[in-house]
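Q: So you can see what is in the structure, the chains are spelled out below.
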Amino acid sequence: MDVLIQIIASGLTLGAMYAVSTIGLALVYGSLNMLNMAHGALLALGGYVCWYAMATLGLHPLLGVAAAMIVCGAVGLVIYCAAAQPMLGSANFETQIFIATIGIGAIIENVILRLFGPQPTPQPLNLTGALVIGNVHIPHQNLLILGVALGLMAALALLLRHSRLGRAIRATAQNREAAQLMGVRVGFVYAQVLALSGALAAISGIMISSLSGLLPNMGGDPMLKAFIICVVAGLGNVYGAVAAAIVLGLLEAATQYVLGVRYSFAILLLLVIAVLIWRPYGLFGRKQVVRL
Amino acid sequence: MSIGAVSIGAASSVRRDLILGGVLIALAILVPLLTGTRYIVTQTTLFFIWAIVVTQWNLVLGVGGIFSLAQMALFAVGAYATAMLGYYFHMPMVLAMLLAGIATVLVSVLIGLACLRLRGPYVALLTLAVAQVMYLLVANDTECFTNPESGCMPLFGGIRGFTRFGDLGFRALFGSKFYVGHYYVGLGLLALATAFSVAIIRGPAGLAFQALRDNPGYAVSRGISRFKYQLWVFGLSAFFTGLAGAFYAVNFAAVGPIVFSISVLLFLLSMIVVGGIGTVWGPLLGAALLMLADEAMREVGDWRDIGLGLILAGFVVLLPKGLAGLRLSWGRRPSQAPGDIPGA
Chain A
46 MDVLIQIIAS
56 GLTLGAMYAV
66 STIGLALVYG
76 SLNMLNMAHG
86 ALLALGGYVC
96 WYAMATLGLH
106 PLLGVAAAMI
116 VCGAVGLVIY
126 CAAAQPMLGS
136 ANFETQIFIA
146 TIGIGAIIEN
156 VILRLFGPQP
166 TPQPLNLTGA
176 LVIGNVHIPH
186 QNLLILGVAL
196 GLMAALALLL
206 RHSRLGRAIR
216 ATAQNREAAQ
226 LMGVRVGFVY
236 AQVLALSGAL
246 AAISGIMISS
256 LSGLLPNMGG
266 DPMLKAFIIC
276 VVAGLGNVYG
286 AVAAAIVLGL
296 LEAATQYVLG
306 VRYSFAILLL
316 LVIAVLIWRP
326 YGLFGRKQVV
336 RL
Chain B
392 MSIGAVSIGA
402 ASSVRRDLIL
412 GGVLIALAIL
422 VPLLTGTRYI
432 VTQTTLFFIW
442 AIVVTQWNLV
452 LGVGGIFSLA
462 QMALFAVGAY
472 ATAMLGYYFH
482 MPMVLAMLLA
492 GIATVLVSVL
502 IGLACLRLRG
512 PYVALLTLAV
522 AQVMYLLVAN
532 DTECFTNPES
542 GCMPLFGGIR
552 GFTRFGDLGF
562 RALFGSKFYV
572 GHYYVGLGLL
582 ALATAFSVAI
592 IRGPAGLAFQ
602 ALRDNPGYAV
612 SRGISRFKYQ
622 LWVFGLSAFF
632 TGLAGAFYAV
642 NFAAVGPIVF
652 SISVLLFLLS
662 MIVVGGIGTV
672 WGPLLGAALL
682 MLADEAMREV
692 GDWRDIGLGL
702 ILAGFVVLLP
712 KGLAGLRLSW
722 GRRPSQAPGD
732 IPGA
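Respectively, the protein sequence lines represent chains A and B.
If you're matching positions, the first sequence starts at 46 in my numbering and goes up one per residue.
If you're matching positions, the second sequence starts at 392 in my numbering and goes up one per residue.
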C-alpha cells in the first residue's frame with residue numbers, strides 16, 4: 046500500500062512536470078506544425094536564469110521565475126523571427142524548421158555551457174520538508190510542482206477557450222488561410238505562441254532542475270519524453286498531451302520501481318511504438334488530411 | 392515530363408557522375424603518395440568514414456524523404472557488432488565487418504518496420520528516441536558480462552566501450568605506415584557507397600520517389616508503394632552505414648558510446664544541409680567543407696558546437712537547398728524543375 050502511494054505520488058509529480066513542458070510543444074506544433082527541437086535548451090535556460098537571479102543577484106524567488114519566463118519567452122520570439130518566419134511559406138517547412146531548431150538548440154545549450162560551466166548546480170528554488178501519509182514521505186517540493194502544474198494547465202485552458210488570443214490560436218491552428226481571411230494576424234499569433242511556449246518551458250525547466258539539479262544539457266531527456274508524450278497523444282493535441290503526460294508519468298514511476306531506472310525509458314518507447322502501430326496518429330489524434 | 396526524357400537525362404547524369412567520381416578517386420589515390428604528413432592522411436580517412444555515413448543518410452533523408460535521426464545509431468550498430476565479434480569471438484576483422492554490415496541491415500529493417508508507417512515528424516521523433524534508448528542501454532550498463540584481468544566488462548562495453556578486438560593486419564604488413572592501408576580501405580568503401588548512392592538516385596528507386604513527390608496520386612495508382620520503396624532504401628543504405636561504423640571501429644581500434652552523441656549527429660546533419668539534401672555530390676562537398684571548417688574551428692575549441700549550430704540554422708534558413716542547389720540555380724535549370732513539388 047505504501048509502495049503504491051509512493052509510486053502514485055512520484056508518478057504524478059513526473060507527469061505534472063512532463064505535462065508543463067509538453068503543453069508548450071503541443072501548442073507550437075498545433076498552431077505552426079513546427080517541432081521545436083530547441084525546447085530542451087529553453088528548459089535548461091529557464092532553470093539557469095532562475096538560479097542566476099536568485100543565487101547571484103539575490104532576487105526573490107518569484108522574481109527569479111518571472112525573469113526566467115521573460116528571458117525564455119524572448120528567446121522563443123527570437124526563434125520565431127529568425128528561423129520560423131522566413132520559412133513559413135516554404136513547402137518543406139516541417140523538416141526545415143526541425144533541422145534549424147536543432148541548430149538553435151545547440152547554440153543555446155553551448156552558450157549556457159560557456160557562461161555557467163559544466164558542473165551540476167542545485168536549483169535554489171526548492172522547498173524543504175515533507176508531507177507524511179502513513180509511512181510515505183511526500184516532499185513539499187513535489188506538492189508545489191503538482192500545484193503549479195495544475196494551476197498552469199487550468200490557466201492555459203481558460204486562455205485557449207475564452208480569451209481573444211486563445212480564439213485566435215485555435216482558429217489559426219484549424220485553418221491558417223481561413224483565419225487570415227477573417228482578419229487574424231497570423232504572424233502575430235505565431236509569435237505569441239512561441240513566446241508563451243518559451244515561458245512555459247522556463248517554468249518546466251525550473252521544476253525539473255529543482256529535483257535533478259542544473260546541467261547545460263539537462264533539457265534533452267525531458268524534451269524527448271515530452272515529444273513522445275505529444276506523439277502518443279497525437280501531435281498538437283493540447284488536452285490529450287496533458288492526459289498522456291500524467292499516464293506516462295505514472296507508468297514511468299511504476300516501471301522504475303519494478304524494473305529499475307535503466308529500463309524505464311526503453312519500456313516507455315516500446316509502449317509508444319505499440320500505440321503508434323495501433324493508432325498511427327496518436328491516441329487522441331485525428332487522422333491528418335494528407336494527400337496520400 | 393515523359394519517361395524518355397527522364398531516362399536520357401538520367402543516362403547523361405550517370406555518365407557525368409562516373410567521370411566526376413573517377414577523377415576524385417584518382418586524386419584521392421595520390422594523396423598519401425604526395426604527402427608524408429600522417430595527420431592529413433588520417434584526417435582524410437576520417438573524412439571518408441563521415442562521407443560514407445552522410446551519402447547513405449542523404450539517401451534516406453533527401454531521396455526517400457524519411458526523416459530518420461537513427462543514422463548514428465545504425466553506425467553504432469555496425470561499430471559495436473564489429474568490436475563485439477572481435478572481442479568475444481576473436482573473429483577476423485574483415486569477416487566481422489561484413490557480418491556487422493548485415494546485422495545493421497537487419498536492425499535497420501526492424502526500425503523501419505516500426506517507424507516507416509508514420510509520417511515526417513513522427514518518424515524523426517521515434518528514430519531519435521530509438522537512438523537515445525540504445526545509448527542509455529549501452530552507457531548505463533554496469534553489470535559485468537565477463538570479468539577479464541583488465542576489469543569488469545559489460546555485454547555492450549558500458550561507458551568505456553571496447554578496445555583491443557583485432558585489426559585488419561596492416562600493422563603487421565606496413566609497420567608504422569599502417570594508416571595508409573586504412574586510408575585506401577576507407578577510399579574503397581567510400582567509392583562503393585557513392586556508386587550505390589548514384590545507383591539509387593539515378594535508378595528506379597530514385598524515379599519512384601521522384602514520381603511520389605511530383606504526383607503522389609498518380610504514382611500510387613500506378614502501383615508505386617511508398618512504404619515498400621522507403622523500406623528498401625532504409626534497409627539497403629544501412630549496409631554501408633554499418634560498414635562505415637565497422638571501419639570506424641577498426642580504424643580507431645576503439646568504440647565507445649561517444650558515437651551516439653548529439654554533437655556528432657549535428658556535425659553530420661550539417662554536412663548534408665550545407666552540401667544540399669537529395670543530391671549525389673552535395674553531401675560529399677558538405678562533408679569536405681565541414682571537415683575543413685571543423686579543422687579551422689579547432690583553434691577555438693569550445694565554440695565549435697556554437698559554430699556548427701549557426702552553420703546548420705543559417706543554411707536551412709538562408710540556403711535550404713545547400714551549395715549544390717546554388718550551383719544548379721545559377722547554371723542550367725534542373726530538368727525536373729517544372730512540377731517539382733518537394734515534400735508533398
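Calculated from the structure, these hints are not laboratory results.
Don't take every hint at face value.
[Claimed, not checked] Covered, in the sense of this in silico footprint (three residues per stretch, anywhere, with C-beta under 8 Å from a C-beta of chain B), are these stretches of chain A: (1) 152-162; (2) 319-329.
[As the list claims (entries may be wrong)] Sample of chain B residues at the chain A side, in silico, Cβ under 10 Å: (3) LEU703; (4) ALA704; (5) LEU709; (6) LEU714.
Predicted model only: the values in this text are computed from it and were never measured.
Heads up, the beta-carbon is just placed ideally off N, CA and C, and yes, glycines get one too.
Q: Against each hint, give a clear statement of whether it holds in the structure.
A: Right, here's what the structure says about each hint:
no. : hint    : in the structure
1   : 152-162 : holds (count 6)
2   : 319-329 : holds (count 3)
3   : LEU703  : holds, 3 Å
4   : ALA704  : holds, 3 Å
5   : LEU709  : holds, 8 Å
6   : LEU714  : violated, 16 Å
Violated hints amount to a single one, hint 6; each of the other numbered hints is respected by the structure.
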